[in-house]
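Given chain A, work out where chain E should sit, using these hints.
First to last, the protein sequences are chains A and E. All residue numbers for the first sequence refer to numbering that gives the first Met the number 0, where the first residue is 0 and numbers rise by one. All residue numbers for the second sequence refer to numbering that gives the first Met the number 0, where the first residue is 0 and numbers rise by one.
Don't read these hints as lab results, they were simulated from the structure. Hints may contain errors.
To be verified - What follows is a list of derived Cβ distance ranges for each label pair: (1) Pro222(A) x Ala59(E): 54 to 64 Å; (2) Leu158(A) x Leu211(E): 50 to 60 Å; (3) Arg194(E) x Leu26(A): 28 to 38 Å; (4) Val221(A) x Arg27(E): 21 to 31 Å; (5) Asp242(E) x Phe63(A): 31 to 41 Å; (6) Val221(A) x Ile38(E): 20 to 30 Å; (7) Gly92(E) x Arg5(A): 50 to 60 Å; (8) Thr252(E) x Ile93(A): 28 to 38 Å; (9) Leu107(E) x Arg5(A): 47 to 57 Å; (10) Gly123(E) x Arg225(A): 29 to 39 Å; (11) Gly92(E) x Phe63(A): 42 to 52 Å; (12) Glu45(A) x Leu81(E): 29 to 39 Å; (13) Gly202(E) x Gly65(A): 31 to 41 Å; (14) Pro198(A) x Leu211(E): 20 to 30 Å.
Stated by the list, open to error - Away from chain A, derived, C-beta distances all over 12 Å, residues of chain E: (15) Ala79; (16) Thr89; (17) Val96; (18) Tyr159; (19) Glu188; (20) Ala192; (21) Arg213; (22) Met270.
Every residue, glycine too, gets a C-beta built ideally from N, C-alpha and C.
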Amino acid sequence: MTLLRRVLDRHWYAWAMVAPVVLVLALLVLYPLARGLWFSLTDANESNIGRTIGPNHIPSTYQFVGLDNYWHVLSGAEGHFYPVLAWTVVWTLICVALHYGIGLALALLLNQRARFRTGYRIMLILPWAVPPFVSVFAWRLLLNGQAGIVNKALGGLGLPAVAWLSDPTWQKVSVIGVNTWIGVPFMMVALLGGLQSIPAELYEAAEMDGASAWHRFRFVTVPSLRPISNTVILLGCIWTFNQFAIIFLLVGQAAGASSQILVTYAYQLAFSGVRDYSGSATYGALILSLLLVFAVVYRRRLGSPARENPT
Amino acid sequence: MTVTLTRSTPAVTSPPPARVRRRGERSRLASIAYHATMITVSAVAVFPVLWVVYMSFGDADAWANPAEILRSPVTSNYGAVLRQHDGFLTWLGNSLVVAICTTLLGVLIAATAGYALSRMRFPGHRPLMWTFLVTQMFPVAILIVPLYNILSTLHLLNTYAGLVLTYCTISVPFCAWMLKGYFDTIPVEIDEAGRIDGCSPFGTFWKLVVPLARPGLAVTAFYTFLTAWGEVAYATQFMTTPDRYTLAVGLQTYVGQFKAEWGAMTAASVMISAFAAAVFFGVQRHLVSGLTAGAAK
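With the rest of the complex left out, here is chain A:
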């Protein structure tokens, strides 16, 4: 009792200050999360879930089915999980690699002393400044099958038109391209900040020791950028894995399962055709567990990402 009192005396202030957030998280995140997990153990769909139509309330009639949904999905009987998962992983790796690679290259270029640097910088940041949902529609206009400027340009070069937004394979190319276009500026700005915080003395010392440009990059730039790289790559993986708007708006509802990633596929399950709430919840739970495993492994391997403040 006295122990409890001591703990309470010591910490009540801190607890009072975090209480609002804890309350909000409990009501808005944990409770729905628990409900979502519960749905994943039932056969809930649009037709058997409780709902109110006008003055009539229809009670829920869905039933507990145990781990059937998970078994259905994970055993491959459902048929979409593994292909979609594979594509999600490929999509995440390619996108993050492109974001990081191009972002780093541009950051290095922008870090050079040169004329018009500010001008280039402003132009290169533009894709980030435009809201993503607007950019996606811009790209739909550009990539339009019949009249899009990209196909017209290809035609001008004597190449055949490409079904960017309707052919499943090209859909994949398009979403990666558009996501890269949208995502590079963030990486670029983040890494540029990191580059600028590397003390010039390090480079001078390396130069005195006769390090070549490549060696200076390899042994000064890369290690100095590591903390910020870890942070932006982790963020990039999570954001890309969960990327919804770009795929949904670019190839969207019309797309088959093959060019969806897990998140958009789960969304499609929940909100098109007969709404399969339990299937969607199952996917959600699986996605979340994948992300958790990923984050834990990532933190283990690299320690706490970005321990120091990189900028």
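Using the frame of chain A, we list chain E on its own:
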């Protein structure tokens, strides 16, 4: 890295070793390569945006025949979009209401928690930080169905309140996480001084730390605003009638399966982007340092 060709500098005592050059100097060739690369990349970055601006001056059928626009540019798209009933202006209003409410709620609720997490060590500290990290990773897929059902039971579908509450699931943990990072950068000595002068911990927070953290609060608020403003998944399902659409939902209605009002779409896009880009370029310098500071620790 760019090709950095060596160039002997006459100022250096003779004989100049081949490796010596002033930092940032390049040969003419390297300079040309540099600018050519930058111009190409910038063109790729800017072209889609300029193209939308260009297309917004075309009439209804112009999107199939872009060259026509040069001959007869029209501004009618803008007028049409602005005049549309339950159209652009309504959606803009809705987006602003939802995004501003989300931002205010998020920052207000999260600020004290961010401070406590930054300054105090208490049981529950680590789990809470973990919860914040995990909620950042929450895929929309797992919460959207239960939230949809809960909001439907509470008759909050298609209301501002419902969407704001939904967005709080994203904004509250995000703000708390970011703000903790900011508060960490404010020296503890300031708190100690406040405590010696007789302030309570909350008094210290409110009177000393919050004013100092104002830039951090602003950046966090801006990020939250951006997220809420550009959110697609929840808004598409939760807002069901045109008078409640946010811009991200409304824009989808211009180009559907059976119609393609690219004129209206591009005009609306230009107006949204102009507004967003103006604000964005005002604060972008702070954005990344803010995010990565929040990510630290």
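Non-conforming hints, listed in increasing numerical order = The structure breaks hints 9, 13 and 22; every other hint is satisfied.
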